[in-house]
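With the hints as constraints, model all of the structure from the sequences given.
Chains as they are written, first to last, in the numbering used here: chain Y, 119 to 448; chain S, 119 to 448.
Do not take every clue at face value.
Straight-line Cα separation of at most 27 Å, DSS-like style, residue types lysine-lysine; simulated pairs [as the list claims (entries may be wrong)]: (1) 393/Y with 448/Y; (2) 256/Y with 286/S; (3) 388/Y with 286/S; (4) 419/S with 286/Y; (5) 144/S with 171/S.
FYI, nobody ran anything at the bench for these hints, they're computed from the structure.
Number of protein chains: 2
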Amino acid sequence: MRSSETTIDTGNYALVIHGGAGTILKERMTSKKEAAYKAALTQALQAGYDILKKGGNSLDAVEAAVIVMEDSPLFNAGKGSVFTNEGKNEMDAAIMDGKSLMAGSVASVTTIKNPIIAAKTVMLKSPHVMMIGAGAEKFAKEQGLNIVDPSYFYTKERWEQLQNAKEKDKIQLDHTDSIKSHSFLKQPENHDYKYGTVGACALDIHGNLAAATSTGGMTNKRFGRVGDAPIIGAGTYANNNSCAVSCTGWGEFFIRNVVAHDVAALVEYKGLNLKDAAEEVVMKKVPALGGDGGLIAIDRKGNIAMPFNTAGMYRGYVKKDGQIVVEIYK
Amino acid sequence: MRSSETTIDTGNYALVIHGGAGTILKERMTSKKEAAYKAALTQALQAGYDILKKGGNSLDAVEAAVIVMEDSPLFNAGKGSVFTNEGKNEMDAAIMDGKSLMAGSVASVTTIKNPIIAAKTVMLKSPHVMMIGAGAEKFAKEQGLNIVDPSYFYTKERWEQLQNAKEKDKIQLDHTDSIKSHSFLKQPENHDYKYGTVGACALDIHGNLAAATSTGGMTNKRFGRVGDAPIIGAGTYANNNSCAVSCTGWGEFFIRNVVAHDVAALVEYKGLNLKDAAEEVVMKKVPALGGDGGLIAIDRKGNIAMPFNTAGMYRGYVKKDGQIVVEIYK
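Next comes the structure, spelled out in structure tokens:
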């Protein structure tokens, strides 16, 4: 028998999730709100764990965990998604199977109750990987997915965030004519406009990895902007040869750094361990370009990494023993 | 002075382009058509070379080369793009600067004469990396880009390809109810429906790399399908630490393999030379999943790779000496 360092323990399983990184400060949090986030994260972990414990696969586990967070109004995904400049909720999601390298993603969908189910359906029931907009919605409807009126995604808090963002943009734009200086991209106090993606990564009892990410995008976004979440390799990636990764943060910098695949490549090609690879990208490469955010990752030994360079990141994990750990701040 | 093996020769420059991979067989080609393709490839190389020779940057050179191919009806990009199932031309493009790691991309645009200029404008004039659909078009219009009526992209040959594809799909669908068996994805004789992307990669006199890709997508595509071309890391990637890459092929497999970034990671992290890295991905990893296609790549020494696993790939390169080489078949 070989040591556990070199053998894949196919009896092992674990799940790690995030509910978004950003300027999440304890002094701005009420104990009631904190408890609500912890309860939602716990529920998401439990949903995925129940599947893994029964010998279910990692793909179903990450989907189940993400569905709980999409259905919660607390996170910027599904119900509770942020509003675009036009007052719409445009959502993106992606999922990837580390065994087959099959993947599915949707972007800019507005009527699909659970975008992560749409991403999984694209992966399993179509020859494509990525579908966007009305085409993706047509496919989801044909496949019998739950289609809702766009008003389902409305939450009062997100609507007010949009009004705030627009007001701040207006003030900012009075002093400049450059689109680059939109306040939501410049002013640190508005950093949270960009964040709040949810995601999950899992190892199942069969030794297979999977990753899933879902987001409502960026408050006040314009021009059909797409972030990293639905981009395979940027916000979402899974490969049994290395690890599964789901990101949250300033999407543009995660795309430019091809973050999820870069973590996997550092593990597979450079021989870094999961923690070092994840930190190399999140704590060095992303900030070097001026971006911020975090990620979660898991490898085939069940090692977990959850680095972030923001004030906080909603996150948690559960291993084989069933003990759920959730954290918010640094 | 160090050897040329370890020193970047900032006096060197080169450009490599592709006009799509696919079932391009000499026996199906007329000498007139072959001459037309060679002339267009030569013109594209000359346009980029003229910029590089004057000390211009690689970003402008790849854009110039791609514009020539977008404006030519011979290639599946810009004028000459294939038709979707709904009889529309939906185009994607991406560009990336290897020095700054800045990138821009557009997907599913229907009215922008040169999608590669839109991608570059997203990169340079917006805080975003990726814009899609009507939002991207609105941005392009605001930025003063050349907007045309969708009928500009019509070519008789592509329209007939769509009618053929629909007829074959119809026959195929008479025998099945599964979307997976759409003939354009199953039947080798229809392989060309997927191909025809154009792209360019360049090294400039300043030692900087850049990559650009533009495509009309897949004949008869449905559901807002997006391929690898506009996905940074999949179809397009450039990094001065490794290489610049532009892909052409069955997009879904290039996304799942994060092909462009994978080539770069094999160079940077595993120490493979450009040729070995490019061949590892195109000749082994993509076919292992059932996909096919090709890519072009260039590194900071001016090494060029142009592997493909299809019958042919329109391709060519020019180095400092100005001698233009164009090839079509194996």
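Verification of the supplied hints:
Using a Cα cut-off of 27 Å, the hinted pair residue 393/Y and residue 448/Y holds, with the two alpha carbons roughly 16 Å apart. Distance hint between residue 256/Y and residue 286/S is fulfilled; the C-alpha atoms sit about 23 Å from each other, no more than 27 Å. For the suggested pair residue 388/Y and residue 286/S, the alpha carbons sit about 47 Å apart, so the restraint of at most 27 Å is broken. Distance hint between residue 419/S and residue 286/Y is unfulfilled; the C-alpha atoms sit about 47 Å from each other, more than 27 Å.
Our distance criterion of 27 Å between C-alpha atoms is broken by residue 144/S and residue 171/S, whose separation comes to about 34 Å.
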